[in-house]
Each structure stands twice: as C-alpha cells, then as structure tokens.
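Use these hints to put chains B, C and D onto chain A, whose structure you have.
Protein chains in written order, with my numbering: chain A, 432 to 769; chain B, 432 to 769; chain C, 432 to 769; chain D, 432 to 769.
To be clear, the hints were calculated from the coordinates, so they are not data collected in a lab. Treat the hints loosely; a few may be bogus.
One copy or two, it doesn't matter: identical chains are merged, so the pair holds either way.
Distance condition first, Cα-Cα at most 20 Å in a straight line; then the derived SDA-like pairs of lysine to any residue [claimed, not checked]:
| hint | residue 1 | residue 2 |
| --- | --- | --- |
| 1 | K657 | D685 |
| 2 | K566 | M494 |
| 3 | K628 | S703 |
| 4 | K628 | V576 |
| 5 | K733 | R471 |
| 6 | K667 | T531 |
| 7 | K715 | C656 |
| 8 | K628 | P641 |
Protein chains: 4
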Amino acid sequence: MDKLRIGVIGYGYWGPNLVRNFVEIPGAEMIAVSDLRIERLAQAKSIYPSLQTTTNYFDLFDMDLNAVVVATPPTTHHNIARDCLEHGLNVLVEKPLTLTSDDALALCNQAKASSLTLMVGHTFEYNAAVHALRKLMSDGDIGEVHYIDTARLNLGLFQRGLNVLWDLAPHDISILLHLLQQPPVSVSAHGMACVFKDIHDVAYITLLFPNDVLAHVHVSWLDPCKVRRVTVVGSKKMVVYNDIEAQEKLRIYDKGVDGPGLSESQDDFRCSYRYGDIIIPNIKLGEPLRTECQHFVDCIQKKEKPCTCGMEGYQVVRILEAAQRSMSNSGHQEILEW
Amino acid sequence: MDKLRIGVIGYGYWGPNLVRNFVEIPGAEMIAVSDLRIERLAQAKSIYPSLQTTTNYFDLFDMDLNAVVVATPPTTHHNIARDCLEHGLNVLVEKPLTLTSDDALALCNQAKASSLTLMVGHTFEYNAAVHALRKLMSDGDIGEVHYIDTARLNLGLFQRGLNVLWDLAPHDISILLHLLQQPPVSVSAHGMACVFKDIHDVAYITLLFPNDVLAHVHVSWLDPCKVRRVTVVGSKKMVVYNDIEAQEKLRIYDKGVDGPGLSESQDDFRCSYRYGDIIIPNIKLGEPLRTECQHFVDCIQKKEKPCTCGMEGYQVVRILEAAQRSMSNSGHQEILEW
Amino acid sequence: MDKLRIGVIGYGYWGPNLVRNFVEIPGAEMIAVSDLRIERLAQAKSIYPSLQTTTNYFDLFDMDLNAVVVATPPTTHHNIARDCLEHGLNVLVEKPLTLTSDDALALCNQAKASSLTLMVGHTFEYNAAVHALRKLMSDGDIGEVHYIDTARLNLGLFQRGLNVLWDLAPHDISILLHLLQQPPVSVSAHGMACVFKDIHDVAYITLLFPNDVLAHVHVSWLDPCKVRRVTVVGSKKMVVYNDIEAQEKLRIYDKGVDGPGLSESQDDFRCSYRYGDIIIPNIKLGEPLRTECQHFVDCIQKKEKPCTCGMEGYQVVRILEAAQRSMSNSGHQEILEW
Amino acid sequence: MDKLRIGVIGYGYWGPNLVRNFVEIPGAEMIAVSDLRIERLAQAKSIYPSLQTTTNYFDLFDMDLNAVVVATPPTTHHNIARDCLEHGLNVLVEKPLTLTSDDALALCNQAKASSLTLMVGHTFEYNAAVHALRKLMSDGDIGEVHYIDTARLNLGLFQRGLNVLWDLAPHDISILLHLLQQPPVSVSAHGMACVFKDIHDVAYITLLFPNDVLAHVHVSWLDPCKVRRVTVVGSKKMVVYNDIEAQEKLRIYDKGVDGPGLSESQDDFRCSYRYGDIIIPNIKLGEPLRTECQHFVDCIQKKEKPCTCGMEGYQVVRILEAAQRSMSNSGHQEILEW
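With the rest of the complex left out, here is chain A (with noise of 0.2 Å):
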C-alpha cells in the first residue's frame, strides 16, 4: 500500500510533536508543514529539510495530499477543516473539534457525504492507561459504576480568547465518553475569571449520564499543582488513574461498601467496608500521540471509524456549549438530548 502523504497546518506547540511523529509512521510521509510564521516554517525546515512550508494553507491542496492534521487555534478550526475535507482530504483535528456544537455536526455530515475520515484528536483516549482502566470497566472487574471524578489543574497556559473550560475540559469529557460509551443526560457547571476579565480560568462541570452515573470536572489554569487525576468508584472496585505518575498510572483498589442496597429502608441499615489488596498494574506506556496518529493513518486505509471519530468531537463541543451556557446562567441545569 502507498504510504500516505500527509500535511500539518499549525506548527505551534503541538505541531512539531505531530509532524516527528508522521515521520516515524512507516505508513506515512510527511510533505509539508503551513503556518502563518515563518520563523516557524524555518524551523521545521531546520529539522526536517526535504518538508515543504508554506503560508498559505491553500498551497497544500496542490500537493497530492491524503491527508492533514489542523493543530492551529481552535477559532481557526471549523473553516480549515471544510476547506480541507472539500478539497478530498481525511482531516484529523485538534480538540476542540469547532467552537460550536453546528460547526461540528456540519464538519461530520460533509466527512460522511464525501466518505473521508474525519477524526478528533482527543489525545487520552490513546493512552494506554485509559485503555487499561476502560477494560476494567468492560471486563466488568469494576461492577456498576457509581460516578467518576476528574481534575486537571495547573498553572497556566493561558489561552487568548478560550477559557479553561474549552481548552481543558476537551480532555476530561472525552476520557469520561470513552469510558462511559454513552452522552450525559445533563451538565451544570460553576466557575470565575479570577485574572482576566471574562476568560474563565477556573471551572467545575458536573454530568449526569443514564443510569444515576455522575461525573464531576474541575478544570483550572490558577492551581500551584499540576494534577491530572480520574477516580472511577464502582460498587466492586476503585480505580484511581493519576497521569503525572511517571510510571504508577493506575491504582486498583479492592475497596468498597457491602450493604444491604439501594432497595432496603434505611430502618435497616447495616453496612459494612470492604478493605483489600491495592494493584498498581504494569502499564506498558508507549507516546499516546503516537497511537493516535497511526491510528488515524490506519482508519483511512482501512476505511474504518475512528475511536475518536468526527460525532465524538460533535458530543464534546455539544458538551461544552452546555456548561458554557449553565456557566453563564448560575449553574442552572441544562438538558442533553441526543
């Protein structure tokens, strides 16, 4: 099979890492690199002397491309990704998919109408610890899931015209799709601008999915630690996934109630705690970005979905438009219907 040619529009913080990446892919060839910098042009050419750069995304529709990457600023997404699906190319975009919820759903429709692959690129889902605590979850070591909790806080980065709920949160929400497989009923969400008028640097998103699960993110750009964190709490098992272990990701506690249930009045009430063996798996961590770009190099030769496919990316930003609009109206909740 041909190795695919592909382009990297964006060559900020993330588009270095994507493009070493293309050229590590047996099956793909990386030809060019757009941005609007030249310094940055410059630079990629410095390491990568036989990429073409240009200025203009345009340039890269005369190149013979399969595919491209858009890792420019999320404002920018929608418009280069049409462009590019309607010049015939597979299209992976960074996340946010588009900054609302008709832009994405319009991006999914014209992927499908045109049969090209249009995938997000929700990076942990691609982690192999997530993977890990999502077969649990399958395998059904976990038992009923009662609800998940997520942090991701740091100091900084802040971004020009997005607050943190839609440069962080992408994260969060799409960890808990992926391991939940289904859209939330209903989202709530709080939060403050504390340094920069009107952009949200501190947020708290709650989701209620089918079946009584809830989910709760805190997302910050003003906390002294960096924390990324999911803790799973199941009737059978507990599982904490820390992301800033180097090498301890996962953490399977054996822990839980063992009551009479849901069903008994609480006139009987009787209880008693499971305390068992913690199991801190051997994960073989590989780069997720890595998986991820193979992956989106095989869905396209492969004509299959992708995990991270354009109507997950739709779901996300559906989500976000909803807490941004709780978040503006005093947490009032808002009603998902898919």
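This is chains B, C and D only, laid out in the frame that chain A set:
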C-alpha cells in the same frame, strides 16, 4: 477561680475524646457522662472510676454542673441543647449544631436571653494549620483571594439518617467561614446516593462569597483515598493545607500569574507566570480538640463569645439547608441573604 | 486460669504504653509500677488509682507477682532482670536486652535454670507488616533472598550514654533475624559522632548471612526525614516495607532480572528485566506492643518459648557488640561464630 | 570565533544525546560520528543527513576536527582518548574516565603536555540542583557538614564487563568531590554479585573526608524503586536533593540539634532540637548535558580548565579502584594519599 463542672451527653465515637480532654484541662472537672447505652457508661467508668454516669441526661441537671457537651446523634442536638440551656448550663454542641436553621436560631436566641455560652464543635477552626492559614490571609501574604477548593473524602462511615453533606461538609463550610470571615451569598449543590437509597454519599457544593470569591467543596464517603485538603488560590500566593500529612500540613507556593489585570481587554493579552519557592512552615501541632475544649472553658469563665459561636453554627446549618435544597433541585442556585 | 499479676519497672517514655496494654489484656492484672521519680509514679497513679507504686523495685518482690517488665535505661537492664529472675519472676526486658553479650547469656542461663520465661521487647517482630513480609518469604513468594537493606532515620532523640547503634539498630537487627531465621556470619560497621563527642549519631552496618545473603542497616539520629524502611530483594519478588506509611506498609513488586544465572560466563551475557504489577496487600494493623504483651502472657501461661526469646536478645547484643568493635576499628570485619 | 568542529565516538545509549546537544550549540559544529555498528551510523545519518559517519574512529583524525567526545564502552576509553589526544584533539570522555588510575593519570599528563583540554562527563556536576546545593554549602547556609548520604538505585541496566560500582558510583563520587571540594582520605566498600557471577550489582561505599566528614554511597542495579538521592546533614541546615522529583529537587530543612557541642562531657548532656521551616527553592532546570557540552566548548575556546577536568576523573577512578579493592577484601579500609 473554681473549676468548671462539666458533663458530657453522648459517649459514642467522639465522647471519649471529649472526656479525656476535659479530664486533662486544669480549669475543668469532669463530673458526669450520660448515654443511653449502659455498656458505654460502663466503659467510661472503667477508665474514670470517679465519673458519675446515667442513661437519662436530665439527671445531669441535679449535679450542680456549669457546662455540658452534647455529643449525641445530630437529630437530638436541638432538644438536648435546649433542655440544657433551660437548666442554666453553658453548652458546647457537636457539629452540626442542629438539622434546621430555625432550630439553630432558636438556640442562639435562648442562649443570648439567658447569658449562657453556646458554642459549636467546629473542630477544624482549632487546628493549628487552619490558624496559620488564616493568619497568612489576614496578614495579606496571599493577596486577593481568587478561589478556595476543598475536598474531604474517605471510605465510610455511613451514618443512619444523615447524608454526607450534613456529616462532612460542616467541617469545610466552617473552615471557609473562618478563612473568609463572612458568609456566602449563594450556594448550589449536586450529589448522588450511590449505595443507600436517598442517603447521598457524594456531594459537590459551589459557594459564592462576596467580592466574587468562589469556593467549591467536595465531600464523599465513597472514595478509595483519604483526602482532607484545602487549596487557597490568591493573587500573591497559593496555599495547600493537607490535613492528611503528619507534619507538612501547609505548603505555601510563591506562584501566580502576573497579567495586565482584569480591566484590560483581550486584545492586550499578555501575562507572565511566577514560579517561586515553596515554603513548608513548621507548625506546632497540638490536638485541636484540646484547644477547643480549653476555649470553651475560657469563654465561659471570661464571659467571651467563642470563635465557633452559636451564630456560626446557625450559618453552617443554613448553608447546609440551602445546599440540600439545591441538591434536590438539580443544582438550582440558592441565594442567601443574611 | 488465674490472671497473671504484672509489675512494670521504669515508667518513662515506654512504661505508660506497657501499663496501658497490660491493663487491657484480660489474662493479666496490672499490679504495680516502680520508678525512681515520684512524679512519674504520681502520674501513673492519677490514671490508674488502684496501681501500687514504689521507688524501690525490690518492693515488687513482696507483691506476689508472676511477671515484670523492665523498661528502665539499658545500662540497668542486666542487674534488674537478674534480680527479678532471682525472685522467681518471669521477665520481659526492653531492647537491648543488656549492654554486653556476657550479661545477656548469663540472663538466658539463669532463666533456663529457673524455668522462667525471659523475653526481650523486639517490638517490630510483633508488627503485622513484618509478619506478612516474613510469610511472603517462608511461602517462597520472594524466591531466593539476594539482599536486605534497612534504614531507620529521624532527628533525635539523643540518649545519655547510648549511641545510635544501641538505640535504633536493635530494631533492624531483630527484624533481620526474624526474616532470615538465622544469625549473620560477619559484621562490619562505620559511623560518626557528629554532635556529641564519642556518641555516634549515624552508623552503617553491613552484615553477611549464610548463603551469601547481604544485609545493610543505616541508622541515624541526624536525618531531616523520618524513615523506617526495609527492602527485601529476592529472585522472584522485591518487597518494600515502609513503616511510616499509615496504611500501605508493604509494596510487593513483581520485578526482577531473568538472566542466565550465576553459573554462566560473562561472554554469554544476556538478561531480561521483568516489570510486573505492584501489589499493596491489605494488612490488618493492630498495635504491635499489644501483640507483644499478649504473647508474653501466653508464653508464661502455656510455658512456651517466646518468639523474641532471651537467646534472640543475646544474638542482637552480640551483633551490636561486634558492630561497635568494627566501628571503632575502621570498619574491620568481625567474624561471628555461633 | 570559528565554530568548533566536533566528532562523537560511540553512538549507543548516550551518543545520540551528545550529538543532539552539539547540533544545537551555536559555537559548535557536529561533523562526524564513529561507531562499530553500521546500523547505529545509519540511524544517526537518518536524523542528521549532513553528518559524516565511519566505523573506524581513526578516520576522524583526517576531518580537521577540534574536539571529540568518547562515548564508547569504558574498557575502550583509555586507548581511544589517548589516540585522540595524540592527534591533537581536545577530548571529553564519558565517565568513568578509565578503568585504572594509572591510565587516567597518563591521559591527564598527555593532555597537559599537549595543552589540550581533557574533560570527563561527570554530568551531575552540571545539574542545576547540584549547583544550588553546592552554593548553599559555599555560602555557609548549611554550616559545618556532618555527613552526606547518597543512594542511586534502580532495576538494571546490567552492563557487560562493568559492575555497579563502576557504572553508577562515578556519579555520586563526582557529586561528593564537587560538594566537598576535596578528595577523601579513606574508602571502604561492601557489595554482592547477586545475579551474575562476579558482577557486583549492589555496593555500599563508606568514604571519610578531611575534618571528619563521613560520606556513604549506596548503589544498586537490583532495587524495585528508582532512587537518586543525596542528603547533606550540616550543623545549620539539612538538605535533601531528590533527582527523581520532576520539579521539587531540593528540600532545605531548617532542622538540627543545638547541643553543648562536641567538647562537652556526657555528664552535661543536654540538647534541644530545632524544627524549622522547609524551603523548596525554585530552581531553573535545564538539561545538564547541554550545560556540560557548552562548558566543554567554552573551556576549549577560552583555554580554561573544565570543572570536571581530567584530574577529577583521575580522582574518581582512584577512589573506585580503592573501593573495588576494599570490596574484594571484606571491606578493609583503604587509605588514600593524594
């Protein structure tokens, strides 16, 4: 000055700690313990043979006591405290003061009318680390407070007839009142009853304080890890108070964002991050309950208002009431006027 | 069976813990406490009014006791224990048993001749985590033991007339004897007296056990961190026992090197590393001293040899003696024949 | 000033890091790489197409180079470095400089006679945290140094023909030389070959420095945890340098014993403990190897002696030689005269 003659009503989990502390305080004399369970009274008697014991707390009113501590289940707090005040006794009530704000206010009025001390056992306000944190804030070291995030998590202990909100959140809310020195203007809450029907075991509370200070409280009886953490994010410093740490309870981070400030437009979006030293102050830790008991004795003898006075107990109960209403109402924001 | 009548000699730092435990053990009755300081005796009396107290431990010999615990400074252990045995009492002596191996052996012989129980307070052998570790080893889970590394560090407490070797190392050496079930064949030690002339406050001890098992003990009164750690490296598993952790005291690592083995030549140098799961077993933790006191009572009543018998106390003292000689002699290796 | 023309001999584990750094240093030009394995050369070429490559390092002598880095297995260091110096090249040799002190001294003399720079890759001396620690010591903040304890542990990597002493201890010994600014007066060592015959995989080294400063080094290839720790205990402060921590590498403890001092008799035994704040300084961390490579370039250009000069390399090798002898001789103390 004569020693204060003390009685303790309720000798369950917390009662023995109260008795032990009053035994050791020079200005107090532990006279009697009341509990419905004779085996608990026998246990008390075996350690302190000179203690008087009774299954009827009304017997305490004939013992010429100066003060009692109410350490019975929360549902009984109001009636017992009311009876004690009626019999001219100064009263320390364990948290929460009562289960309704009307009851709490009635106790406050009753104590005031009788010139008796009414104090509530918000123990964490007597914790040396909380004091050190409060001092950092009042000294201006932290700058303007942006937001405060707290978490109090563990596995168990489920209590009959009380959900996690009323069991754990009084600690965090009293800490917030102590740190910010004013009550919140609104409260919203979300939660879930995962194990027992209608008994919420996880809750998230969002509080808005004057001057746009946000606070968020996470309490859970269903977490694999024991967590007791308060993070204060200020414009000059950030502080994490981790009560689980044996020694290093406070970490003061010289970190922040030095931006153009809230008044600037996004067009002039520039900011720099400050990453300075971390200081872990040496804090002389005593037993907070000892400080609390001593404070109760001192306030009675000096006729001074306790730090954790009845009115603070009332505030905590009113906030919990509002949070409970919000939680039953999809997180609808409750406005609090004081 | 009648309750054992117990006396405690020495009511300093450790004595109150001993008294409290014997008070709570059904098979024992705490009769008397002896200490040279009347204020210590008054303190004991204030908590346990029925206790008899005396400044002269010979008074205990007229109280019809069955057993005494010697918790005085180590310099006095030998004489007091000898007197107690002479008066027909079973004896538990705090560590170290004596300050010379001759004295230790004399006590053992005296106890044997009188058919009395002589036990030494090597408390860590009654620690549930040490038990679990020993079981892992005896069950073969760890494989062949390669080496054991221990560290017991803190700041202070300097003791008059005793260096860090005699104060802290008895714990580690008794743990090693318990884990390996045999005494070492040689010992070397290095140390330094940093703060007080001639009182070593840091020491490193190297012990060689049969079958080429290496052990190394680091003890220090001059470390900024409190450390109590034992690492057992075996051919199948590696285990870290961290006594500072409140709950997660043991971590069992399924890690190792699967090489061609010792018999192979370097020319055929190939090996693979095994990185498996980590298991943190749930260990039901009690107070080790309680287990120890109960064991003392049981051994007397059942006429059984204690786990931490006098001869083990003798072994520890002889190893310490040899380590002390080595330390004074530039780390010269001392051979131990048993 | 013209750019230094650089060659790298040995493109195994460390070589690629060296090449990458010299490529990025403005004052240097990466010209050629030599390695016996053509697949390694192909790998280098694929990343840096303009690099010259050869399996025979003698070819480098015809390329008008100014300097080479020797990153081959330690057994080859002496011969290759000697050849390079003979051909008038400045040389940076990876640690350990050689396997015998005679060889090391010969290289030093050869470099001196030829006025060439001979530097050894003791990378940790270019680590910003080590620099900060050294500065605390030279500024007098730590007071008199009592002792230094180091540990460098992990699982693997076993190396052909080199034991753990020669593989890992050069790091710790060079750190000690840098911190204390003088060589030790004696060395003792104990160790064990657990997995492969005659290849020691765990070693404990005791070094005595002038002024009764004790140092102890623990190195192991057989530990379940990755540890890289240096503890400096001084009379005023204690410092822990933990290289495993991503950010918080130094912790400065204001702790100590304020006693009557070494001159006092035991009869007057009194001391007080100082428990002050802990400071975690913010240290701007760069890549130590980058600093090292830049220093090599600077030293050549400015004709200055490197911090990690050949003579320091000689000192490290002589200490290792003595430790090896001691280890083979039951820990017999080796006296070092300089």
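Practice item. Kindly indicate which numbered hints from before are broken by the structure, ordering the numbers from low to high. Key: Violated hints: 2, 5, 6; rest satisfied.
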